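Novice: Top line first, the protein sequences correspond to chains A and B.
So the first sequence is numbered by the working numbering: it starts at 1 and just counts up by one.
So the second sequence is numbered by the working numbering: it starts at 1 and just counts up by one.
No lab work stands behind these hints, which were simulated from the structure alone.
Here the structure is a predicted model, which means the values were calculated and not measured.
Hints should not be assumed to be uniformly reliable.
Unchecked claim - DEER-style ranges, computed between Cβ atoms:
id, chain 1, residue 1, chain 2, residue 2, range
1, A, Ser27, B, Pro113, 38 to 46 Å
2, B, His12, A, Gly58, 39 to 47 Å
3, B, His12, A, Asp71, 26 to 34 Å
4, B, Val44, A, Asn77, 41 to 49 Å
Stated by the list, open to error - Rough simulated footprint, nothing fancy, chain A against chain B, three-plus residues with beta-carbon under 8 Å:
id, stretch
5, 20-33
6, 59-70
7, 100-110
Glycine included, C-beta positions come from ideal geometry on N, C-alpha and C.
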Amino acid sequence: DSGVTQTPKHLITATGQRVTLRCSPRSGDLSVYWYQQSLDQGLQFLIQYYNGEERAKGNILERFSAQQFPDLHSELNLSSLELGDSALYFCASSVGGGSSYGYTFGSGTRLTVV
Amino acid sequence: GQQVMQIPQYQHVQEGEDFTTYCNSSTTLSNIQWYKQRPGGHPVFLIQLVKSGEVKKQNRLTFHYGVSKDSSSLNITATQTTDVGTYFCAGPDRGSTLGRLYFGRGTQLTVWP
Numbered sequence: 001d002s003g004v005t006q007t008p009k010h011l012i013t014a015t016g017q018r019v020t021l022r023c024s025p026r027s028g029d030l031s032v033y034w035y036q037q038s039l040d041q042g043l044q045f046l047i048q049y050y051n052g053e054e055r056a057k058g059n060i061l062e063r064f065s066a067q068q069f070p071d072l073h074s075e076l077n078l079s080s081l082e083l084g085d086s087a088l089y090f091c092a093s094s095v096g097g098g099s100s101y102g103y104t105f106g107s108g109t110r111l112t113v114v
Numbered sequence: 001g002q003q004v005m006q007i008p009q010y011q012h013v014q015e016g017e018d019f020t021t022y023c024n025s026s027t028t029l030s031n032i033q034w035y036k037q038r039p040g041g042h043p044v045f046l047i048q049l050v051k052s053g054e055v056k057k058q059n060r061l062t063f064h065y066g067v068s069k070d071s072s073s074l075n076i077t078a079t080q081t082t083d084v085g086t087y088f089c090a091g092p093d094r095g096s097t098l099g100r101l102y103f104g105r106g107t108q109l110t111v112w113p
């Protein structure tokens with residue numbers, strides 16, 4: 001157990017639907033990162049939150065949104081799902097907001113869009 | 001954005017052989033990190049390198065950071081079946097204080113007995 005909790009572990013849904021992925025960071029970590037991992041694109045950065053505020057944004061689609069709540073847990077919302085959105089979605093956390101800290105990854109959510 | 005490249009993409013070795021993966025960045029990095037992802041698992045942080053020319057060891061793993069801080073390598077001596085997995089290097093935005101990391105595509109290591 002890495003200390004980063006992601007739910008659900010698996011999700012199967014139809015095209016056009018909306019899903020919410022949840023992440024609780026490791027205790028004491030203030031930054032939460034979302035990454036998408038697919039076979040053809042590798043680990044792609046989506047978004048970073050630090051202490052409740054959005055800090056950095058990657059090539060996140062407009063159909064995707066995220067937020068970090070006061071208790072520091074984060075949710076990633078994916079809407080109007082397409083087949084190409086099928087991937088592993090990882091949440092990671094770190095102590096600070098900069099790059100000097102290693103990430104602790106959660107076990108991921110495997111999303112399958114059918 | 002910057003690019004982080006890794007070679008080789010795949011490496012198959014017999015148990016006991018050595019293994020090396022190479023990482024190159026399109027820009028100078030303030031630091032470089034290495035992660036390992038076992039099959040079906042999640043990436044796990046191994047180490048961070050900060051100083052130019054730095055060499056760090058973790059048991060059979062040796063990490064090098066290039067003098068120009070735009071390259072790195074990971075060497076595993078006498079591989080074991082427990083070393084199986086994908087090894088990623090990752091670096092931050094150049095000159096940025098943000099925490100986002102750019103990951104290489106990884107080197108997938110297979111070890112057969």
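Novice: It remains to establish, for every hint, whether it holds in the given structure.
Specialist: Status of the hints after comparison with the structure:
no., hint, result
1, Ser27/A <-> Pro113/B: 38 to 46 Å, "39 Å, holds"
2, His12/B <-> Gly58/A: 39 to 47 Å, "32 Å, violated"
3, His12/B <-> Asp71/A: 26 to 34 Å, "45 Å, violated"
4, Val44/B <-> Asn77/A: 41 to 49 Å, "27 Å, violated"
5, 20-33, "holds (count 3)"
6, 59-70, "violated (count 0)"
7, 100-110, "holds (count 7)"
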